[in-house]
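There are 2 protein chains.
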Amino acid sequence: MSTSVPDPSPDLLQRAAAVRRSAMALGQQSDADRRSAVLAMADALEAAQESIVAANQTDLQAAASEGLAEALVARLKLDGPKLTAAIDGVRQVAQLADPIGVRQLHTELDTGLVLERVSVPLGVLGVIFEARPDAVMQIAALAIRSGNGALLKGGREASRSCAAIMTALQTGLAASTVEPTALELLTSREESLGLLKLDGLVDLIIPRGSNALVRFIQDNTRIPVLGHADGICHLFVDAAADPDLALRVALDSKTQYPAACNAIETLLVHRTIAPTFVPQAILAFEAAGVELRGDQAAMALGVGHAASDDDWSTEYSDLILAIRVVDDLEAALEHIRRYGSRHTDAICTNDPIAADRFLAAVDSAGAYLNCSTRFADGFRYGFGAEVGISTQTLPPRGPVGLEGLVTYRYRLRGQGHIAADYASGARRFSHRPLPL
Amino acid sequence: MSTSVPDPSPDLLQRAAAVRRSAMALGQQSDADRRSAVLAMADALEAAQESIVAANQTDLQAAASEGLAEALVARLKLDGPKLTAAIDGVRQVAQLADPIGVRQLHTELDTGLVLERVSVPLGVLGVIFEARPDAVMQIAALAIRSGNGALLKGGREASRSCAAIMTALQTGLAASTVEPTALELLTSREESLGLLKLDGLVDLIIPRGSNALVRFIQDNTRIPVLGHADGICHLFVDAAADPDLALRVALDSKTQYPAACNAIETLLVHRTIAPTFVPQAILAFEAAGVELRGDQAAMALGVGHAASDDDWSTEYSDLILAIRVVDDLEAALEHIRRYGSRHTDAICTNDPIAADRFLAAVDSAGAYLNCSTRFADGFRYGFGAEVGISTQTLPPRGPVGLEGLVTYRYRLRGQGHIAADYASGARRFSHRPLPL
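Those protein sequence lines, which keep their order, are chains W and E.
Just so we're aligned, residue 5 is where the first sequence starts under my numbering, counting upward by one.
Just so we're aligned, residue 5 is where the second sequence starts under my numbering, counting upward by one.
Wrong hints could be hidden among the right ones.
[Unchecked claim] Restricting the straight-line Cα-Cα distance to at most 20 Å, the calculated cross-link-like pairs of lysine to aspartate or glutamate (EDC-like) are:
(1) W/K201 to E/E50
(2) W/K81 to W/E112
(3) W/K81 to W/E50
(4) E/K86 to E/D37
(5) E/K86 to E/E390
(6) W/K86 to W/E390
(7) E/K201 to W/E50
(8) E/K201 to W/D223
(9) W/K201 to W/E54
(10) E/K86 to E/E50
(11) W/K86 to W/D35
(12) W/K201 to E/D331
Everything labelled a hint here was simulated from the structure, so no lab data went into it.
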């Protein structure tokens, strides 16, 4: 643990304990109660629309006077239409299927001794945003829907917007059966550092921000962190690729939203298709405003800039693409293993053997065939909402829906059963599966 | 991160990379290949039985001359019968159902665009044992069965035993289609510290040892750790308990194996049943050699020693039991929330309302009704083998079988599908569930 992270203040500990108590009560409430609470939150946000937009205006003015970067200002901005869309998003969360109380396992261990495993809320989420006041509404809705309390810390730039949103959310909860203290807003940097040390009170930390933020948090807390690190995604154009299809997929993967973590950073091209494919790709990417950086073979085919070794491990998040010509599928796999971030990697090919090999051997959260890496997203996967994208190896991995906010509990019901009887051989386990 | 943990040596990095390469190849092998490899490991262990027992003898002599504690010597000892049992255990692992390649999700996102989620190996496990050479065989077998490589570090006291076992395991793998370098033994303390910094090469660390070992590891690595911290388990004897049943369950929960993490440390007794139950319990526990420590009310009913506040949060791992008389079910739940470790907690009652409330409200990996907490165990749950017991909140939680050694990957197969078509509204997602 870094010594630069201070211990939580008594005040923070007390507030976090209050959130935990409310969350424990919330975890016992019915699907209908949690659904209604989320809808009440949406209603209250709607009623507070003017004050939220006004608070955001003040944040925006402060940002302008401080010369905040344009991209941050865009994320900070919460005007009427954006707020309406966010409120619609909250209502959609109410419609998602209940993730709680799902029986995952059901086994008779012996006559009268029955085991079940049931999904339950995690408890309390700690959420740290950079700017993005709309994310506060989304995560708060997901937390309440799944029976969890939440401590939320927005960016300093968005402090007035977040406060106005939180007031509305708690007003909404007050009109429901869920305690308003299930949600709590943290405001200072000290509090957000203290949050990292709330082991036992907070069960999961969700950072929504830059790679640097995620890394800092991972290095400074013992609490599990749901967060992606880098998104260094690849598209491999195999010898047996349909060149038109591959070009269409490559363009979409790079340019449809280059700042996204699921955009590709490197295009790998099989050497037998490179002489025809690379020149076509150069034309198409240049027309789309993408700067290309190639290895020697790619430069020999017309790519203007040289790629250094650093390029292969850089997440540009911009209209820049590295191109490398590789000898074969195995060389492509080796490149991905070495430089990739195990996020999402794709192959374009009509060769079923190459496709199967790639889909089996790429050790990433997503392995794709003949489609854009941009599909790596909770909404597109049909999860209805996205808690985040995880690049860790352990589940939850890849785009995470509500299932990232639940865990499970084993329940065992007996009739006086004791372990000694099985140790002695007086009784034997049946381990008979029962219907779920 | 603590600065006391040194960076891994170049030699360790190289060996870990070799394990990772072998593990990636192993992850591609068939169920039959992995099964055969585990059986070949068992055969090789059988052939090496004499040399393993001899190596263990040398370890035991060294332990005796160093005055090792009796409990540690018992764990270190690997004689013929114990080794035969361990080899049987390895063969049983070969018989477990394949945890790899299980399709968990199958959705048509749109015509010709199909998503699936399939279980895959984690990659490489880092396993750190204290003493217990038999655990090396068990974990190595589980690793290979589930398609994972492993770096294993046994206790210093068991160094000769572990080396002999690893030689046999690798001999076995050499006779199979799995590369022997999928398993690697670490021998020095420096190597085991270096292991904690092998992010990117090691996917999960499994500590098998004391709470202090687990905590040290959790505090000093960025790699996920599968391990339990404390096991402070409770049994609550409700007003509506059958006293004979409750006493039988209480005795088993405490005495069947007091050193286990799933043994109870505290007995909570409802005040209306306490006047009859506690005196009975005192007789039975004293006959079983259990020292009782009570609160004032329990002492007034005959418990000889006073429990201090520390007692409620102590894992005795011994024949000591704290007894507290509580006003009601809610007071019992509050005590468990405050002092418990969220491992396994039980209630004895014939009141279905009290039972339901307890099973819903106890926020532990296991919530039990009318049975012993000692059932919290992977074998008893029917998992066939146990990787460990996890007291973390996130899955895997509680007793963890082979599923703790796998993760999943999303595979998306398209026909040139791009995200822009869905953003523009030209195409719409169908999100149609397909059969698993």
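Outcome of the hint check:
1. W/K201 to E/E50: It is violated: about 49 Å lies between the C-alpha atoms, which goes past 20 Å.
2. W/K81 to W/E112: 55 Å, violated
3. W/K81 to W/E50: Within the cut-off at roughly 17 Å; holds.
4. E/K86 to E/D37: 27 Å, violated
5. E/K86 to E/E390: With a Cα-Cα distance of about 18 Å, the restraint between E/K86 and E/E390 holds, given a limit of 20 Å.
6. W/K86 to W/E390: The given pair, whose Cα atoms are some 18 Å apart, holds under the 20 Å limit.
7. E/K201 to W/E50: 49 Å, violated
8. E/K201 to W/D223: 12 Å, holds
9. W/K201 to W/E54: Violated - the C-alpha atoms of W/E54 and W/K201 are around 36 Å apart, more than 20 Å.
10. E/K86 to E/E50: 12 Å, holds
11. W/K86 to W/D35: 28 Å, violated
12. W/K201 to E/D331: 33 Å, violated
Comparing the model with each numbered hint stated earlier shows that hints 1, 2, 4, 7, 9, 11, 12 do not hold.
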